[in-house]
Every structure is written in C-alpha cells, then in structure tokens.
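J.: Can you build the whole structure from these sequences, using the hints too?
Heads up: the sequence shown at position 468 corresponds to 468 in the UniProt record's numbering, and the numbers run straight through without jumps.
Quick caveat, the hints were computed from the structure, so don't treat them as lab data.
Take these hints with a grain of salt, some might be off.
Said to hold, decoys possible - Here are the computed lysine-lysine pairs in the DSBU-like style, where the Cα-Cα straight-line distance is at most 35 angstroms:
1. 313 - 503
2. 198 - 137
3. 503 - 520
4. 170 - 412
5. 313 - 198
6. 316 - 516
7. 516 - 313
8. 520 - 316
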Amino acid sequence: MPTVRRTRVPDGGWGWLVIAGSFLTLLVLAIFSLGYSILFSEFLMSRGASSATIAWIFNLHIFLWNAVGVFTGPLTQEMGFRPVSMMATFLASVSVFALVFVDSIWYLLVFFGLVGVFGGLGAKPCYLLLTLYFDRKRGRANAVLMAGVCTAQFIGPLLIRYLLAEYSLKGAILILSGIVLNCLVGTALFQPVEWHLKEDDKCGSVNGDLIETKNCKEDKREADPDARVTEEMRNKEAERRKLLGVSLSRRPSEISMLSLAVSNIDLSSIPPSSRRESLAVDTITQNNNTPENARGCLNASGRVVNQVVSDMKILKSPRALIIVLGGVFIISGYLNFLMMAPFAIQHLGYSLTEAAWCMALTAAVNFSARLVTSALSDQPWFNIRLVFMSGASIISITTIVFGFLRDLTHIKVALAAWGFGVGMNISLVILIMPHFMGLDNMSAIFGVHSLALSFSMIIFGPIFGLIRDWSGSYRVAMVVIGCSISIGVLLWSLMPAAIAYEKRREEEQRGREQEKLERKV
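T.: Written as structure tokens, this is what we have:
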C-alpha cells in the first residue's frame with residue numbers, strides 16, 4: 001500500500017530570509033513610489049500643474065502597480081517567484097533611471113507609470129510568499145513585511161529632501177535608481193517553498209480513494225534507518241531534474257534525495273495535470289527549434305489568461321465582494337490623502353522641509369502601529385475584523401479633521417493619529433484575505449483585489465483632484481476623501497451577514513443534494 005508523506009509550511013527557517021528579502025524589496029520600491037509628492041513637488045509646481053494633473057500621474061502609477069497584481073499568481077506559477085521578481089525589479093530600476101531626463105509632465109506620466117508596472121510586479125509576490133512560507137507565525141512575519149513599507153514612509157521623505165538639496169532633481173533620481181537596483185539582492189532569496197517544506201508527523205496510506213492517516217514515526221521501519229546519500233541517488237536526482245527542466249545549478253540537498261530514495265510513489269503515476277506542462281520533455285531535451293519554443297510560450301500565455309479569468313469567479317462570493325470593495329474605498333482614500341497632504345501643508349505657507357517632517361512623523365507612528373497589530377494578530381483572542389474596521393474609522397475621521405486645521409502642531413497631532421489608524425488597518429489587509437476566504441483562494445482574491453484597486457485609483461484619484469481644483473480648497477477634498485473611506489467601513493460591517501448568507505446557501509445546497517440521493521435510492 002503506497003504511503004503519502006504529508007508536509008507542512010516551514011513557518012520559519014528559510015522563510016525568514018524570504019521575509020528579509022521582501023522587507024528590502026518593499027522598502028526600496030516604496031521609498032520611490034511614496035516619495036512622489038516630495039521628489040517631484042518643485043518640478044510640478046514650476047510647470048503650473050493642477051491638482052488633477054498631479055493626481056493623475058500618481059494614480060496612474062498606483063493603477064499600474066496594482067493592475068499587474070492579477071497576473072502575479074499565474075505568472076509565478078509558470079515561471080517561479082524569483083525570476084518574475086528579479087526581472088521586474090531590474091526593469092523598475094531602468095525606468096527610474098529614465099526619469100533622470102524628465103523634462104515635461106507627459107514624460108513624467110509615462111515613465112513614472114512604467115515604474116508602477118515593474119515595481120508592482122516585483123513587489124506583489126512578496127505578499128503571496130508570506131502566506132506560503134508561514135502559518136502559525138504569519139502575524140509576526142507580516143509585521144516584518146509591513147515594516148518595510150513603513151520604514152520607507154519614514155526615511156523616504158527625509159532622504160529625498162536631502163538628495164534634492166545636495167544633488168538636485170537629476171542627481172537625486174540617479175541615486176534612487178541605483179538604490180532600486182538593490183532589490184535584486186532581496187528577490188534573489190525568493191526560493192520555491194517546495195525546497196523547504198517540512199515533513200509532518202502524520203503520514204497517509206492510499207487505499208482506493210481513501211487516505212488513512214498514521215504516525216510517520218511508526219512507519220520508519222519501512223525506510224532504511226541508516227540511509228545515506230550515495231552517488232547513485234545524486235545521479236537519479238540529477239536525471240529527474242533534467243527531465244523536468246529544473247535548473248541543475250542548485251545542488252540537491254541530502255534531505256531531498258533521501259526523500260526521493262525512500263519514496264513509495266512512482267513519478268510516472270502522477271497525472272500530467274499536476275506537473276509542469278509549460279514545455280514537453282522532448283522539446284527540452286532534444287528538440288530546441290523555434291516553432292516548439294513559440295508554441296510553449298503561447299501555451300503558457302494561454303494558461304495565464306485562463307487562470308486570470310478563472311480567478312474572477314471568486315467575486316460570486318459576498319465575502320470576496322466586501323473584501324474587494326471595502327479595500328477599494330479604504331486604500332484609494334488613504335493613498336490619495338498621502339499624496340495630497342504635502343501639497344496641502346505647503347498651501348498653508350509651510351516649507352517643503354516641514355511637510356517632509358510631518359510625513360515622517362506619520363510614518364513613524366504608522367510603523368509602530370503595524371508592528372504591534374501584526375504581532376497581536378497571532379493571538380486567539382484577536383478580532384481581526386473589529387481591529388481592521390477601527391483602523392479604517394480612525395483614518396476616515398482624522399482625514400476630515402485634517403482639512404480644518406491650520407496650526408502646524410495640530411496638523412502633526414492629526415497626522416500621528418492618522419498614521420496610527422493606517423497602521424492598524426493596512427497591516428491586516430493581507431491577513432484578512434486567507435482569514436475570510438481560505439488559503440486556497442489567496443492567489444485569486446489577492447489578484448482580483450489588486451485589479452479592483454488599480455481601477456479605483458484612476459477613477460477616485462482624478463475625482464479628488466478635480467474637487468480640489470473646482471472648490472479651490474483642500475478642506476473640501478479632505479472631507480470627500482474621509483467620507484469615501486467611511487463607505488469601506490460600512491461595507492465591512494456587513495461581513496457577518498455575508499458569512500451567514502453563504503453558510504445558509506451551502507446548507508440549502510447540501511439539502512438539495514441529499515434529496516436527490518434519497519430519490520435515486
């Protein structure tokens with residue numbers, strides 16, 4: 001009777017290096033993206049750019065950043081996390097370098113948008129890797145991951161302001177392009193989670209269509225206790241990896257080869273659909289002509305598109321709709337406030353340096369709140385929905401209050417409270433997805449959420465900018481942004497009803513299926 005060995009996620013080990021690489025990647029990319037208002041403030045004002053134009057440039061960047069999220073899951077399934085992230089971050093660095101020659105608003109619009117495309121494609125895998133590498137320690141790992149963005153919000157404005165003062169706009173962008181290139185170091189750590197899966201204490205024996213669970217420790221007699229890696233095992237592993245098209249540059253670990261040696265499962269018995277089907281084995285090993293390669297690329301592209309379309313079906317779930325639409329209102333409002341706040345502070349007569357320090361203060365409080373919230377989310381008593389909604393409520397209220405303030409001290413207090421709310425809310429965005437939708441639906445809900453958010457940015461962002469231009473007041477714009485965030489809070493208040501509705505619908509479906517079975521009998 002064949003034995004199925006169960007595995008579990010690492011929940012540590014190499015996973016912490018993956019999180020460290022993700023921290024570096026998000027830190028560097030966020031410094032440039034979220035530093036838009038400080039970096040290009042004088043450039044845009046010198047050319048008389050309106051609030052709507054400023055909003056269009058930033059929101060197009062965020063639109064493209066999130067739009068590629070829907071392709072992240074399918075692309076990483078076809079190519080792997082590391083190749084996708086490394087290529088994307090390299091191209092992001094090239095796009096930043098191209099901004100050295102910026103001489104018009106249209107040029108800025110195009111190349112800042114390209115940074116959004118490649119930056120988003122390089123950053124999105126970080127969030128998916130978190131859920132693949134961690135389970136019980138997911139909250140703590142998320143705290144480290146979120147710290148990357150917060151650290152960028154804190155040091156970014158100050159660093160950019162220093163670079164502008166010392167090296168001018170061109171010099172600052174040139175240095176930032178080199179900093180973005182360091183993402184290659186972080187993304188190089190994105191090894192496949194399959195290399196680091198741990199063997200569970202439970203085994204399963206296949207008996208027909210049933211899997212009987214037993215203790216693996218009791219089954220050790222079936223394997224050689226003195227098993228050691230032999231040259232034959234190494235050759236066997238090398239041959240298997242060659243046939244499957246796996247790179248031979250990484251030396252197989254002794255554990256992986258011992259696992260192969262004692263495995264009771266014949267690889268040929270596994271259905272082809274569960275293995276990589278990007279390229280035929282004959283094509284890899286023997287036939288390397290162009291038509292076959294082109295056909296393989298077309299097949300892979302077709303699978304990516306089919307997977308994207310399939311992911312959209314998750315919107316049939318009311319829970320998914322609340323997660324997606326709630327995120328649209330909350331995150332688009334939060335990001336547009338972040339973009340508009342430095343301009344609002346300067347509009348009151350304060351300098352760009354004072355605006356940069358205000359944003360740094362916001363980021364410091366945001367950083368602390370994210371660390372605490374993410375760490376506490378692992379506790380059994382933690383109510384993730386309540387904390388998420390509380391954070392969004394604080395963001396909404398402080399955004400509205402900010403529009404009525406004139407004194408710099410009062411502005412700093414409001415921004416600190418705003419940063420606390422952002423830390424509570426945004427740190428849980430990734431955690432609420434598997435919590436309410438399950439880990440199996442993580443890739444789908446993440447992609448759809450990113451796509452919806454991307455479209456919301458090019459819809460709501462310019463609207464907020466137009467309201468500012470038409471009213472001539474940042475106060476009105478802030479009130480509108482705050483009210484839009486409150487809509488997201490109201491949507492999340494419906495989550496218990498959505499869960500109850502889906503549960504009732506599943507029970508009715510099971511009842512109908514049971515009736516059909518009884519009629520057949």
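J.: Identify every previously stated hint that the structure contradicts and give their numbers, smallest first.
T.: none
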